[in-house]
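A.B. asks: Residue numbers (the working numbering), protein chains in the order written: chain A, 1 to 235; chain B, 1 to 101.
The set of hints was computed from the structure by calculation and includes no laboratory data. Incorrect hints may appear among the rest.
Stated by the list, open to error - With a Cα cut of at most 25 Å, we get these calculated DMTMM-like pairs of lysine to aspartate or glutamate:
#: 1; chain 1: A; residue 1: Lys222; chain 2: B; residue 2: Glu100
#: 2; chain 1: A; residue 1: Lys222; chain 2: B; residue 2: Glu79
#: 3; chain 1: A; residue 1: Lys222; chain 2: B; residue 2: Glu81
#: 4; chain 1: A; residue 1: Lys222; chain 2: B; residue 2: Glu96
#: 5; chain 1: A; residue 1: Lys173; chain 2: A; residue 2: Asp124
#: 6; chain 1: B; residue 1: Lys84; chain 2: A; residue 2: Asp124
#: 7; chain 1: B; residue 1: Lys84; chain 2: A; residue 2: Asp228
#: 8; chain 1: A; residue 1: Lys86; chain 2: B; residue 2: Glu79
#: 9; chain 1: A; residue 1: Lys86; chain 2: A; residue 2: Glu229
#: 10; chain 1: B; residue 1: Lys84; chain 2: A; residue 2: Glu224
#: 11; chain 1: A; residue 1: Lys86; chain 2: B; residue 2: Glu75
Now for the letters of each chain:
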Amino acid sequence: MAHVAEYRETATPVRRSLLRDALLILGALLMAFTLYLVYFWVPTEQNLGVSQRIFYFHVPLGWIGMVSIVVVAVASILHLATGRQKWDDLAYSTAELGVIFASLILVTGAVWGKPVWGVWWTWDPKLTTTLALWFVYVGYLMVRAYGPAGGQGRRFASVIAVIGAIDAPIIYKATDWWRSAHPDNNIPSDLDGRMLLTLLVSVVTFSVIYLYLLMERYSLRKSESDLDELHQRLA
Amino acid sequence: MSFTRDWHSRIWTRLAVVGAAILSTLAVSTIVSAASPGQAGSEPEANLPFLFAVFIITWAAFFAYVFYVSRRQREMQNEIEALKQALDERDGQAAEQEEES
Chain A
1 MAHVAEYRET ATPVRRSLLR DALLILGALL MAFTLYLVYF WVPTEQNLGV
51 SQRIFYFHVP LGWIGMVSIV VVAVASILHL ATGRQKWDDL AYSTAELGVI
101 FASLILVTGA VWGKPVWGVW WTWDPKLTTT LALWFVYVGY LMVRAYGPAG
151 GQGRRFASVI AVIGAIDAPI IYKATDWWRS AHPDNNIPSD LDGRMLLTLL
201 VSVVTFSVIY LYLLMERYSL RKSESDLDEL HQRLA
Chain B
1 MSFTRDWHSR IWTRLAVVGA AILSTLAVST IVSAASPGQA GSEPEANLPF
51 LFAVFIITWA AFFAYVFYVS RRQREMQNEI EALKQALDER DGQAAEQEEE
101 S
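Let the sequences and hints guide you as you build the complete structure.
C.D. replies: Take a look at the structure:
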């Protein structure tokens, strides 16, 4: 029973439950507010029409997808440097969320591209480098699932994450370095104030939801690691 | 056992909140689609399905992920219970052996 007691001490999934619940409620409220802004308040863009409103979802997803790979890389570096399990748990949890957000970037981008460009997909530098980011995330998780067990597999995956993070600045600068149909990173100086505010609120909303999902997944991952350790001790 | 039950109740509460958020999204979408003819812009009605598709895809992905995490959590709790039971049995057997010796 000492093992179980130790497990409860280390995992204690209810410890941060209040913060997670608060984030969930805040995220739901902010999302409701964002929906109001996007549908009822923000003006319709003259050239693109209603499809421009996809922008208020696509951009925050893109932002979080980029942040995720940086978090995965930093956590992986810290894991490689210190060997501590918690950094690996963070990297794994973030990578899993990164796959979801990168998938959503690609899908929402395709849904935007169809009415604006007339095609669902084109091998534009921005799109192609984002697809590469998706493969980096998937590669990381595949190494974790099918690679060597234990510390070796974790180290292999960490190296993949660090190398994969090189893609983040490439995605960011893609519109500057190559000819691209994708809008550039700079917010136009003449952008309507209501559009800018809606975008900022949307970024905050998705960041809160992301933080909630990350905390949930990290908590689960930590418990999984503790349980694995228990199994190893019992074996 | 209360630990497991507590987790289950918390998971369902969260799922209920996420479900409510999705329902509110769909409700807003329905209202807006009914009100859309009055909107300004170049052929706004033609592109509304694309906007709704983005909403639905995004929320479906979030909901599916939360469902996956909660299900995995439930499986893990079952595993912990089984592990506790195995440990209790092992400790019991060890105590019996000590008494016999």
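A.B. asks: Work down the list of hints and note, for each, if the structure agrees.
C.D. replies: Outcome of the hint check:
no.: 1; hint: A:Lys222 - B:Glu100; verdict: violated, 40 Å
no.: 2; hint: A:Lys222 - B:Glu79; verdict: holds, 15 Å
no.: 3; hint: A:Lys222 - B:Glu81; verdict: holds, 17 Å
no.: 4; hint: A:Lys222 - B:Glu96; verdict: violated, 35 Å
no.: 5; hint: A:Lys173 - A:Asp124; verdict: holds, 13 Å
no.: 6; hint: B:Lys84 - A:Asp124; verdict: violated, 55 Å
no.: 7; hint: B:Lys84 - A:Asp228; verdict: holds, 14 Å
no.: 8; hint: A:Lys86 - B:Glu79; verdict: holds, 22 Å
no.: 9; hint: A:Lys86 - A:Glu229; verdict: holds, 13 Å
no.: 10; hint: B:Lys84 - A:Glu224; verdict: holds, 15 Å
no.: 11; hint: A:Lys86 - B:Glu75; verdict: holds, 22 Å
Violated hints for the displayed structure, listed by number in ascending order: 1, 4 and 6.
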